[in-house]
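Novice: Same order as they appear, the protein sequences are chains A and B. Last residue of the first sequence: number 258 in the working numbering, and the count goes up by one each step with no gaps. Last residue of the second sequence: number 1210 in the working numbering, and the count goes up by one each step with no gaps.
Treat the hints with care, since some could be wrong.
Said to hold, decoys possible - If you want a taste of the chain A side facing chain B, the calculated C-beta under 10 Å gives, among others: (1) 7; (2) 11; (3) 28; (4) 33; (5) 38; (6) 39; (7) 115; (8) 118; (9) 119; (10) 120; (11) 123.
FYI, nobody ran anything at the bench for these hints, they're computed from the structure. Beta carbons are placed, not taken as given, at the ideal position from N, Cα and C, and that holds for glycine.
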Amino acid sequence: MFAVYRELEGSTRLAAHVLRRVWVLRFPPVMEELVRQIYFTGASATATIVVRGAFIGTLIIAYVIEVLEADAALAVKMLLWVVLREIGPLIAAVLVIQRSGTAVATELALMKISGEVDSLRHLRIDPRDHLVVPRVIGISLSLAALTLYVQFIAVGGGMVLSALVINASFSELASNFFLLASPLDLAYSIVKSLLFGGAIGVIACYYGLNPPGRSINAVPKAAISAVTQSTIAVMIINVVFAYLAYGVALFGLFTAKV
Amino acid sequence: MTTLRARAAEARQVALWYEPAPDGPSGRVWIPAGAGHRAVPVSEAFKSRLLAALLELEPQPGAWLAVLGADAGGLGAGERLALRSRIGFLPANGGMISNLNGWENIVLPLGYRDAKRVNPAAPKVHALIERLGGSPRALLAKLPEEMTLYEKKLAGYVRMLLEAPELVVAENLTGGLEHDERRRTAAFPAAYHAERPEGVFVQLDDAPDQ
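Looking at chain A on its own, in the form it has when it is part of the complex (with noise of 0.2 Å):
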């Protein structure tokens, strides 16, 4: 119990650090660094998530036309709730916790082995400037970019892809999705996406920044602790969020048209 509390305070701290400190990334070498985490995080992904995008679109709309035999505003709307909403950002928050999540756990779980955060502390930089401020932003704005192309694909790719596997008309479920969509529906989507991405930069930055050991068998360690607890905080910050969205505070903004 003290573990998962000493745990809570050391992310919520570094969490505090990033949000106060973002004006470093002023200095060069900080800049540099957001630059390879967004490359590494966000472009060198999007390959990657092209395929399950396209398909997962493809399966609604087919589950929707061909099991449910509903038409085609009903897929484009199960398509808005469920891939805009919420398959669209987990979907980029799990290949994002995957990884790099990871990435960011290990790098740092061995840099702070092999003494080189002290070596940035004997330089008197403070290694949460150089090693977890542009990591933190980096992955927020990639999971939002991510978001973003997954949606992009998944509507795009499985309106394109039902009109050619299954009985469904490209123009029909077109015109009915920019019926239904609304900028909000992104909205939503893409400020959930910066919460998922700033948990799992803080969380992989927390684990890796404080290994369970000065061994090499602790980087493993402090990669499986990343990504579960990512995981764990993902989930929660969604139920949070649908909870915000469509009860108590902001009742009624989100509800579907059915």
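For chain A, the structure is supplied; the task is to place chain B on it using the hints.
Specialist: Only chain B this time, still in chain A's reference frame:
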């Protein structure tokens, strides 16, 4: 009280003076201001206490630390930061950051403290590397994992020279090097004194085998 006053007065004359707490490892470092010195700690425990105290400028309770004429134990947080900026430390492994190449490692502190000096520093970096027996083009492009230990120490040293601190502490400078590389490190103090003639260069060796 008299002892403390006498110590404080004596501290003004020294570059580095450290005595651990009575219950800590035995030993004493007393290095006068000026020129180069070689310190051989009596034990690794003493050396690690000395480095911890020097790099944090917070001597352990009961220990005594004076650096560049100032009693470190009596300094406030701001004064400690200011004093720390006058000290350079070269760790035995060069202190490279693994995801940065040689050039990025060398200009890393400048990027934080004086970014305008980064690009103009390139000719000086090349000249320093050449003077110390390295190949600038190859070294600056290499990642630390591709560097030899000598190259790591060289890059770390050039990085420190760009800021030319008043006190340089090089940990086990020749440790782990080949004969030819050890010979080349002999030029390190001279390169430092060319940048800062009045500076103090301290080689802190490993403790002899117990």
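Novice: Determine for every hint whether it applies to the structure shown.
Specialist: The hints, checked one at a time:
{"no.": "1", "hint": "7", "in the structure": "26 Å, violated"}
{"no.": "2", "hint": "11", "in the structure": "23 Å, violated"}
{"no.": "3", "hint": "28", "in the structure": "5 Å, holds"}
{"no.": "4", "hint": "33", "in the structure": "8 Å, holds"}
{"no.": "5", "hint": "38", "in the structure": "15 Å, violated"}
{"no.": "6", "hint": "39", "in the structure": "13 Å, violated"}
{"no.": "7", "hint": "115", "in the structure": "7 Å, holds"}
{"no.": "8", "hint": "118", "in the structure": "8 Å, holds"}
{"no.": "9", "hint": "119", "in the structure": "4 Å, holds"}
{"no.": "10", "hint": "120", "in the structure": "7 Å, holds"}
{"no.": "11", "hint": "123", "in the structure": "5 Å, holds"}
Consistency note: the structure conflicts with the earlier hints numbered 1, 2, 5 and 6.
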